[in-house]
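Enquirer: Quick mapping for you: the protein sequence lines, in order, are chains A and B. According to our numbering, the residues represented by the first sequence are 1 to 251, in order. According to our numbering, the residues represented by the second sequence are 252 to 594, in order.
Hints should not be assumed to be uniformly reliable.
Part of the chain B face toward chain A, derived, beta carbon under 7 Å [what the hints assert, rightly or not]:
no., residue
1, I445
2, G456
3, L578
Simulated from the structure, these hints should not be mistaken for lab results. The beta carbon of each residue, even a glycine, is placed where N, CA and C say it ideally should be.
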Amino acid sequence: MAEPLLELRSLRKAYGALAVTDDVSLSIRPGELHAIIGPNGAGKTTLIHQISGMLPSDSGQILFDGENVTHLSMPQRVRRGLARSFQITSILPGFSALENVALAVQARHGSSFRFFGNAAQEQALNEPAMQHLNTVGLGGRASIPAGLLSHGEKRQLELAIALATEPKLLLLDEPLAGTGHEESLRVVETLRRLKGRITIVLIEHDMDAVFSLADRVSVVVYGRVIATDTPESVRANEDVRTAYLGEEETV
Amino acid sequence: MTELTGTQTAPAPSSGMRIDIIPIILFAAFAAAPLLASASGAEGYVLSLLTRVMIFGLAAMSLDLILGYGALVSFGHAAFLGIGAYAVGILASHGVEDALIQIPVALAASALFALATGAISLRTKGVYFIMITLAFAQMLFFLATSLGPYGGDDGMTLPTRSLVAGAGFLENDYAFYAATLLCLIGAYLLSRAIVTSRFGRVLRGTKENAVRMEAIGFQPFRFQLAAYVVSGMIAGLAGCLMANQAEFISPAFMTWQRSGELIFMVVLGGLGSLHGAIIGAAAFLLLEEFLPEMLHAASFFLNDDVRWRLTENWQMAFGPILILIVLFARGGIMGVLRRGSHG
Numbered sequence: 001m002a003e004p005l006l007e008l009r010s011l012r013k014a015y016g017a018l019a020v021t022d023d024v025s026l027s028i029r030p031g032e033l034h035a036i037i038g039p040n041g042a043g044k045t046t047l048i049h050q051i052s053g054m055l056p057s058d059s060g061q062i063l064f065d066g067e068n069v070t071h072l073s074m075p076q077r078v079r080r081g082l083a084r085s086f087q088i089t090s091i092l093p094g095f096s097a098l099e100n101v102a103l104a105v106q107a108r109h110g111s112s113f114r115f116f117g118n119a120a121q122e123q124a125l126n127e128p129a130m131q132h133l134n135t136v137g138l139g140g141r142a143s144i145p146a147g148l149l150s151h152g153e154k155r156q157l158e159l160a161i162a163l164a165t166e167p168k169l170l171l172l173d174e175p176l177a178g179t180g181h182e183e184s185l186r187v188v189e190t191l192r193r194l195k196g197r198i199t200i201v202l203i204e205h206d207m208d209a210v211f212s213l214a215d216r217v218s219v220v221v222y223g224r225v226i227a228t229d230t231p232e233s234v235r236a237n238e239d240v241r242t243a244y245l246g247e248e249e250t251v
Numbered sequence: 252m253t254e255l256t257g258t259q260t261a262p263a264p265s266s267g268m269r270i271d272i273i274p275i276i277l278f279a280a281f282a283a284a285p286l287l288a289s290a291s292g293a294e295g296y297v298l299s300l301l302t303r304v305m306i307f308g309l310a311a312m313s314l315d316l317i318l319g320y321g322a323l324v325s326f327g328h329a330a331f332l333g334i335g336a337y338a339v340g341i342l343a344s345h346g347v348e349d350a351l352i353q354i355p356v357a358l359a360a361s362a363l364f365a366l367a368t369g370a371i372s373l374r375t376k377g378v379y380f381i382m383i384t385l386a387f388a389q390m391l392f393f394l395a396t397s398l399g400p401y402g403g404d405d406g407m408t409l410p411t412r413s414l415v416a417g418a419g420f421l422e423n424d425y426a427f428y429a430a431t432l433l434c435l436i437g438a439y440l441l442s443r444a445i446v447t448s449r450f451g452r453v454l455r456g457t458k459e460n461a462v463r464m465e466a467i468g469f470q471p472f473r474f475q476l477a478a479y480v481v482s483g484m485i486a487g488l489a490g491c492l493m494a495n496q497a498e499f500i501s502p503a504f505m506t507w508q509r510s511g512e513l514i515f516m517v518v519l520g521g522l523g524s525l526h527g528a529i530i531g532a533a534a535f536l537l538l539e540e541f542l543p544e545m546l547h548a549a550s551f552f553l554n555d556d557v558r559w560r561l562t563e564n565w566q567m568a569f570g571p572i573l574i575l576i577v578l579f580a581r582g583g584i585m586g587v588l589r590r591g592s593h594g
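Same shape as in the complex, but just chain A (with noise of 0.2 Å):
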């Protein structure tokens, strides 16, 4: 068994009383791709605010790429290779599609101390850029500025931002919330060809999406892991049906 790329030993986070994430521990192997499920509310979001750097852990550790991360910021950790989505989309609104991208690049290639020459003319940038929003499918909005495209485009767009930073390890934040029939389509076509290229981590409450992506699936109810294994066995299992029961029919 090769070594997993990111490990997680008994992560918490409280707020006041209430452990939001509760000895979490979990072990992604590379390449595959992990998706995380669970209710409403059982502290998916928080847990992976704890790996991407966005929220300090209370106790437990980060290890990633055999590398302990747990007290590095988000920016060093997105350098490492972790980089993540936003369940609320977060992009630059008043840049274009093509510059969003081309900003990820700038941020892993070459220096952002020039004071000198047009960033927004510069090839070395721009063309992974184009590259990145053409494996998303979004090669034809470049130009458009990121505030006005739609929902679902905007989803797309985050993941480029993702994959330009050239990241080891892609944790998404439901990136199929709020996008329609089509867009979502795409959104699962273009994860399927991710897949096996980079390690994902996938929080998603699209269970058709889950199980046809995942390789393995971890499930999180109040705050807690509570299976990890493969789709099939999750699916039969007994805790799950009984933390489901009510919720989601669709498990």
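Based on these hints, arrange chain B on the given structure of chain A.
Expert: Relative to chain A, chain B alone:
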């Protein structure tokens, strides 16, 4: 909806390709003005007023660099005017009268002050940032009032304008006007280059969405601090010019009211276009200069006593006019010009 309003302040993506006509007209007007001044018969007055406009334009533009492109509301920007002015004044009173020494010293002092205060204040956000920059500027203000050997509260008259490599040509108002215009154009071109550069793009991105920038691996603090230092240095240069124009320095250069005026000039001209700040400074100062006469002329139908009172208390009209412009001309004067050019 919030996203739509967000896009209004940002330039259209094609604007980088288009050659912007407004700054060219603006600088051409400044360059042509001395010719008109000599024809007007009141050249001393016109030159001195326009030099003052350009100096404040320079200071307002430096503020726009961090306020319009970085959303950093510095309420202490006049401190840098003071640093520049006192660098000139203190050095001159010790016999160092050459601008080739004074200006580098002023820039270095401004950079140091910006680095030290920025490193602290940029760790705060919003209102706290405003308050902390104000506090630092007030510290400097009171320091200046306590500088007994350099005039203290009353300020200090300079023996002469700065020399340039030993030559005293800045004593000539035309030469000083030209030097100020060169500083303004130079600083404008530098700022223009900065905001379109890789660095400037990170700064603009941080203004739009700091969390997003962190999520792609940038540490906004470093970029904001660097911008703050550059901005402070340009304002410091404006301070050098200000001391030279007045041939006088005083703590009044760095009052908090002055910082407020600079913010107003930037907002009046339109945030985030650089030349908008210069136009804003011009509008502010010219309005301040001519409003009493305009009020006097406009109130011809009133009796003399009321007319006189109105003219005497012109600030009563100044405030509401500024407020109306900001309220109804969204995006400031530049916003109006832009809408005009788009039909």
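Enquirer: Hint by hint, say whether it matches the structure.
Expert: Hint check:
For I445(B), the suggested interface contact is upheld, since its CB lies about 5 Å from the closest CB of chain A, less than 7 Å. Given the 7 Å rule on beta carbons, the hint for G456(B) holds: about 5 Å separates it from the nearest Cβ of chain A. Restraint check, L578(B) versus chain A: the minimum CB separation of about 23 Å is more than 7 Å; hint violated.
Consistency note: the structure conflicts with earlier hint 3 alone.
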